[in-house]
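Residue numbers (our numbering), protein chains in the order written: chain A, 18 to 410; chain B, 18 to 410; chain C, 18 to 410.
What the hints contain is simulated information worked out from the structure, not anything from laboratory work. Warning: the hint list may mix true and false statements.
Any copy will do: because identical chains look the same in the list, a pair fits if it lies in one copy or spans two.
[Unchecked claim] Listed below are the simulated PhoX-like cross-link pairs for lysine-lysine, each with C-alpha atoms no more than 20 Å apart in a straight line:
hint	residue 1	residue 2
1	K267	K208
2	K368	K407
3	K283	K57
4	K224	K301
5	K407	K74
6	K74	K404
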Amino acid sequence: MNTPRNKDINSLIQELRTLQTSLYGKDFLLTWDKSEAELKAVMLAAEILQALHWQGKSMRTFNHGLAISIFRDNSTRTRFSFASAASALGLTLSDLDEVKSQIAHGETVRETANMISFLTEVIGIRDDMYPGEGHTYMLEVAQAVQQGFEEGLLPSRPALVNLQCDLDHPTQSLADLLKLKDYFGGLDNLKGKKIAMSWAYSPSYGKPLSVPQGVINLMTRFGMEVVLAHPEGYDLLPDTLTTAKSFASKSGGSFRLTNDMKDAFKDADVVYPKSWAPMAVMQKRTELLKGGDKQGLIDLEKHCLAENAKHTDWECTEDMMKLTRNGNALYEHCLPADITDVSCKQGEVSKSVFEKYRYDTYQEAGFKPFVIAAMIFMSKVANPAEKLTKFNL
Amino acid sequence: MNTPRNKDINSLIQELRTLQTSLYGKDFLLTWDKSEAELKAVMLAAEILQALHWQGKSMRTFNHGLAISIFRDNSTRTRFSFASAASALGLTLSDLDEVKSQIAHGETVRETANMISFLTEVIGIRDDMYPGEGHTYMLEVAQAVQQGFEEGLLPSRPALVNLQCDLDHPTQSLADLLKLKDYFGGLDNLKGKKIAMSWAYSPSYGKPLSVPQGVINLMTRFGMEVVLAHPEGYDLLPDTLTTAKSFASKSGGSFRLTNDMKDAFKDADVVYPKSWAPMAVMQKRTELLKGGDKQGLIDLEKHCLAENAKHTDWECTEDMMKLTRNGNALYEHCLPADITDVSCKQGEVSKSVFEKYRYDTYQEAGFKPFVIAAMIFMSKVANPAEKLTKFNL
Amino acid sequence: MNTPRNKDINSLIQELRTLQTSLYGKDFLLTWDKSEAELKAVMLAAEILQALHWQGKSMRTFNHGLAISIFRDNSTRTRFSFASAASALGLTLSDLDEVKSQIAHGETVRETANMISFLTEVIGIRDDMYPGEGHTYMLEVAQAVQQGFEEGLLPSRPALVNLQCDLDHPTQSLADLLKLKDYFGGLDNLKGKKIAMSWAYSPSYGKPLSVPQGVINLMTRFGMEVVLAHPEGYDLLPDTLTTAKSFASKSGGSFRLTNDMKDAFKDADVVYPKSWAPMAVMQKRTELLKGGDKQGLIDLEKHCLAENAKHTDWECTEDMMKLTRNGNALYEHCLPADITDVSCKQGEVSKSVFEKYRYDTYQEAGFKPFVIAAMIFMSKVANPAEKLTKFNL
Chain A
18 MNTPRNKDIN
28 SLIQELRTLQ
38 TSLYGKDFLL
48 TWDKSEAELK
58 AVMLAAEILQ
68 ALHWQGKSMR
78 TFNHGLAISI
88 FRDNSTRTRF
98 SFASAASALG
108 LTLSDLDEVK
118 SQIAHGETVR
128 ETANMISFLT
138 EVIGIRDDMY
148 PGEGHTYMLE
158 VAQAVQQGFE
168 EGLLPSRPAL
178 VNLQCDLDHP
188 TQSLADLLKL
198 KDYFGGLDNL
208 KGKKIAMSWA
218 YSPSYGKPLS
228 VPQGVINLMT
238 RFGMEVVLAH
248 PEGYDLLPDT
258 LTTAKSFASK
268 SGGSFRLTND
278 MKDAFKDADV
288 VYPKSWAPMA
298 VMQKRTELLK
308 GGDKQGLIDL
318 EKHCLAENAK
328 HTDWECTEDM
338 MKLTRNGNAL
348 YEHCLPADIT
358 DVSCKQGEVS
368 KSVFEKYRYD
378 TYQEAGFKPF
388 VIAAMIFMSK
398 VANPAEKLTK
408 FNL
Chain B
18 MNTPRNKDIN
28 SLIQELRTLQ
38 TSLYGKDFLL
48 TWDKSEAELK
58 AVMLAAEILQ
68 ALHWQGKSMR
78 TFNHGLAISI
88 FRDNSTRTRF
98 SFASAASALG
108 LTLSDLDEVK
118 SQIAHGETVR
128 ETANMISFLT
138 EVIGIRDDMY
148 PGEGHTYMLE
158 VAQAVQQGFE
168 EGLLPSRPAL
178 VNLQCDLDHP
188 TQSLADLLKL
198 KDYFGGLDNL
208 KGKKIAMSWA
218 YSPSYGKPLS
228 VPQGVINLMT
238 RFGMEVVLAH
248 PEGYDLLPDT
258 LTTAKSFASK
268 SGGSFRLTND
278 MKDAFKDADV
288 VYPKSWAPMA
298 VMQKRTELLK
308 GGDKQGLIDL
318 EKHCLAENAK
328 HTDWECTEDM
338 MKLTRNGNAL
348 YEHCLPADIT
358 DVSCKQGEVS
368 KSVFEKYRYD
378 TYQEAGFKPF
388 VIAAMIFMSK
398 VANPAEKLTK
408 FNL
Chain C
18 MNTPRNKDIN
28 SLIQELRTLQ
38 TSLYGKDFLL
48 TWDKSEAELK
58 AVMLAAEILQ
68 ALHWQGKSMR
78 TFNHGLAISI
88 FRDNSTRTRF
98 SFASAASALG
108 LTLSDLDEVK
118 SQIAHGETVR
128 ETANMISFLT
138 EVIGIRDDMY
148 PGEGHTYMLE
158 VAQAVQQGFE
168 EGLLPSRPAL
178 VNLQCDLDHP
188 TQSLADLLKL
198 KDYFGGLDNL
208 KGKKIAMSWA
218 YSPSYGKPLS
228 VPQGVINLMT
238 RFGMEVVLAH
248 PEGYDLLPDT
258 LTTAKSFASK
268 SGGSFRLTND
278 MKDAFKDADV
288 VYPKSWAPMA
298 VMQKRTELLK
308 GGDKQGLIDL
318 EKHCLAENAK
328 HTDWECTEDM
338 MKLTRNGNAL
348 YEHCLPADIT
358 DVSCKQGEVS
368 KSVFEKYRYD
378 TYQEAGFKPF
388 VIAAMIFMSK
398 VANPAEKLTK
408 FNL
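Make the full structure from the sequences, and use the hints.
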């Protein structure tokens with residue numbers, strides 16, 4: 018088996034050297050802000066760091082310093098992925114808990130961002146619940162620390178890492194892509210492969226849009242045939258469709274939308290069935306939350322769950338899987354999945370399908386700590402290939 | 018004074034080399050799963066690590082990686098002991114707070130255990146409140162990471178350390194035993210010594226059973242005369258009595274039960290007076306909690322406190338201590354003790370007795386961080402004696 | 018620009034060598050317990066550590082060990098400053114959250130302080146809300162760990178650092194003073210300079226007194242002309258006025274009180290306009306809190322806000338600034354400031370004044386992590402100059 022334990026680290030470093038990138042000193046907020054070479058470089062660095070870890074080698078990059086996380090939404094796996102990346106690079110994790118802190122007391126973002134950054138190397142932010150908010154907030158923080166750095170207040174510019182916003186979930190989608198790279202034996206082999214990014218039924222409501230938006234905007238860049246499927250009304254943000262289409266045409270892949278899950282699954286090489294809330298609902302919800310309209314929120318949830326319940330047939334079952342290429346498509350998921358008869362009565366995926374691909378989804382998740390570490394590493398290290406070579410001595 | 022500062026570390030390492038153990042790659046969940054040699058090895062390693070710390074030497078065992086704690090019950094000293102052990106070994110502490118995390122959202126234990134373990138070396142769990150639950154949960158987590166490791170998903174098998182379950186509290190009982198070893202000048206000197214593990218009155222209710230169960234099942238293995246004392250009805254889990262009896266007969270010690278505190282204290286060399294809830298109450302409480310029966314819980318607490326109040330004479334007073342060998346038995350406690358006129362109006366121990374042994378109970382507690390560190394160290398290091406020798410250069 | 022990046026570290030170390038201090042093994046609780054030489058030494062050490070950080074050098078002082086924080090009041094910047102200092106020195110941060118821990122369960126301070134300190138190098142405490150409480154609590158903790166150390170229970174004496182108490186806020190006031198040293202080109206240049214420590218209007222209530230008390234008792238020691246200004250009734254603790262007067266007369270500076278903000282600002286070289294609650298209100302509040310008198314607390318807040326509202330003209334506006342020396346005094350603040358039209362409708366400072374000095378207040382705050390690190394370093398390292406020289410190799 019090709020595991021990180023027996024990967025040839027030096028040849029991966031050689032490959033990394035061939036890529037023209039401009040990641041140093043930059044944030045990682047959206048995959049679509051990055052070139053293909055830069056995305057490949059982050060993935061290579063992630064593979065190298067993972068292999069170093071599996072081969073028992075240190076990747077300590079910093080003497081000291083903080084890695085700050087700001088979670089404006091619940092998280093287990095991203096939280097631990099970020100903590101793991103920080104530990105591996107030699108940083109101390111510090112969580113900015115906005116309830117305990119004075120952010121609630123009317124401080125400006127600029128001030129707080131600088132106040133916490135005097136010895137900070139990276140700030141990871143999850144802010145995914147409100148359309149129009151998360152990415153905007155990250156830009157504000159980025160601008161604040163950029164200004165602090167330029168004014169000579171901060172010794173270095175903390176790198177921002179998007180741990181999920183309203184637009185994209187790059188640490189997830191790059192982990193998803195690394196799984197595809199590993200599974201199909203290289204990024205080149207993804208050209209022409211069909212991936213179905215499909216909505217699926219869930220008994221919950223209000224799941225963010227960033228995963229499907231991230232997937233359709235990343236896989237289209239590597240020549241895949243990307244089909245987005247959802248019931249009518251479960252639209253993503255329109256801009257993300259436009260960019261996906263444009264990426265597909267540049268890479269020689271394709272992108273199309275369907276309201277039929279079977280159409281999407283037909284002859285697919287990869288399926289990614291996952292629930293999300295309609296954009297319009299997320300926007301309505303943001304409004305109600307801002308207005309403190311509790312009854313409105315209860316009514317909205319009720320309405321949405323009723324709406325969802327019309328689409329319980331959007332489930333990734335054995336029968337659905339039979340439609341895929343040789344009945345054998347790879348199943349991807351960002352986890353946790355809503356598994357029928359396991360985590361809920363009826364959900365996104367049947368128990369038997371999930372079980373068949375459990376190893377694969379776990380391995381997919383296993384890339385995430387190293388994707389985060391790679392994003393930090395590539396932003397903070399001027400000569401990444403040299404540094405990695407030293408780690409591998 | 019024989020302090021960790023002037024212990025001869027090399028001779029302790031020599032002693033460790035003589036022991037046949039199979040701790041590498043194993044969890045530490047129950048002392049009764051381990052051989053006497055293994056228990057001795059963990060205690061020796063704890064003494065060595067403590068001496069290294071006092072002698073200003075590094076015991077950094079890991080380049081990086083997480084030590085995850087899961088506390089399903091309040092804790093100060095065990096929490097800080099675990100944090101201290103992690104820091105000393107070079108691990109980053111990460112607390113899995115199940116309120117913040119998505120465990121509450123119906124994830125399976127298997128999935129979460131693997132998702133948090135991609136760079137994790139140890140998972141410490143406290144889950145002590147519900148009979149039949151804590152140990153079972155730890156086994157589930159152990160099975161999950163074992164599977165993940167065997168399937169090639171995890172680079173190493175995180176070691177599990179029981180920070181207190183429904184059955185045992187091994188980090189506590191081994192600290193208690195290390196105190197006895199130190200106080201009486203060696204484990205061999207414990208043979209034939211009498212220890213009274215006695216229930217004592219407390220104005221609170223619902224204290225777990227793991228401390229007395231752990232003590233009667235550990236001290237019986239080293240030839241002590243163990244007497245368990247409690248009022249009628251304050252039974253421990255029956256299996257733990259059976260194993261204690263069996264251990265005593267193997268080691269040449271003894272084990273018996275009495276409902277008379279004075280009988281237990283008579284000529285005792287060591288007394289361990291501590292409150293606990295009757296097993297039946299803990300079981301009833303678990304049921305009521307599961308059923309969400311708030312009134313039932315209030316009634317149960319009322320009933321229990323009234324029941325407790327019949328036994329306020331079960332207090333470790335100066336008069337009780339006069340019954341012990343030369344009126345001079347060692348007083349042990351896991352802390353915090355309910356001290357009469359200090360932490361409550363009437364409690365487990367009188368102020369003067371507690372004060373007399375304050376130094377001893379604090380020293381007893383001081384072993385705990387190193388017991389935890391030793392459990393991790395022995396599980397994760399293939400050649401512990403070699404590694405410890407290097408630390409001592 | 019003279020930044021920490023191009024400071025000559027060796028010449029700062031030389032200066033440090035000339036100072037006679039007795040900081041080793043001592044706590045840092047109040048600036049007025051320290052000699053001028055000791056205050057200078059802490060500031061020099063802070064500058065050196067800051068320069069080391071900016072020049073990319075390690076200042077790792079410890080192999081391992083805990084830095085424990087106890088925050089009995091909200092905090093962002095002090096929390097992150099302490100975390101940053103701990104990370105830089107090689108310590109693991111561990112927060113004692115008294116809600117999660119068993120302190121709430123009636124443990125004595127002595128016991129808890131020792132239980133958490135077996136591998137602890139420093140304990141930082143913020144306890145600033147109740148007059149008569151914070152400093153007293155810190156002394157209790159100090160006594161507890163001193164006893165534990167002397168009895169041979171603790172391998173080293175954890176240093177206590179006051180992160181703000183009812184009397185003083187030394188990590189803040191020393192950061193304020195470092196800013197003045199930097200701004201005016203040396204401590205000697207502060208002699209004869211006028212600083213206005215002035216109350217200012219805020220729409221909130223219950224802000225602690227430790228900042229003004231700390232400032233008047235520190236700046237008077239370095240020959241400054243210190244004027245304390247507040248409306249009638251907004252008194253500080255009387256003892257802190259007595260000591261400030263005495264410091265001023267020793268240093269050749271001066272200290273006086275006025276109830277007129279303009280009088281204080283007239284020809285001032287530095288202004289420090291900041292809100293605080295009257296001492297009598299803080300004492301009343303403590304009483305009500307202890308008695309659990311919720312209605313009393315609501316009434317008190319109402320009364321105080323109404324009282325505050327009589328003094329909305331105590332605002333640091335452009336017009337007020339025109340009164341200062343050449344209309345150009347330095348504006349200091351501990352942040353976050355209540356900025357009119359930014360963080361509130363009407364506050365301590367106008368938007369334009371704050372903006373003009375934003376860089377200065379941020380730089381002022383930037384000293385704090387290194388002041389904390391310096392306090393720890395000077396307390397724990399026997400030969401600080403030698404150690405710092407090694408860091409600079």
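Alpha-carbon proximity between K368 and K407, which holds within one copy, between copies, both or neither at 20 Å: Neither. Shortest intra-copy (45 Å) and inter-copy (50 Å) distances fail the 20 Å Cα cut-off.
Within, between, both or neither: K74, K404 at alpha-carbon 20 Å: both (13 Å within a copy, 17 Å between copies)
Identical-chain pair category, K267 with K208, by Cα at 20 Å: Result: close within a single copy only, 12 Å intra versus 69 Å inter.
Same-copy or cross-copy closeness of K224 to K301 [CA-CA at most 20 Å]: The answer is within: 14 Å in one copy meets 20 Å, while 38 Å across copies does not.
20 Å Cα threshold - placement of K74 relative to K407: This pair counts as both: shortest intra-copy Cα distance 10 Å, inter-copy 19 Å.
Homo-oligomer pair classification [K57, K283; C-alpha up to 20 Å]: Result: close neither inside a copy nor across copies, 29 Å intra and 62 Å inter.
Checked against the numbered hints given earlier, this structure breaks hints 2 and 3; the rest are met.
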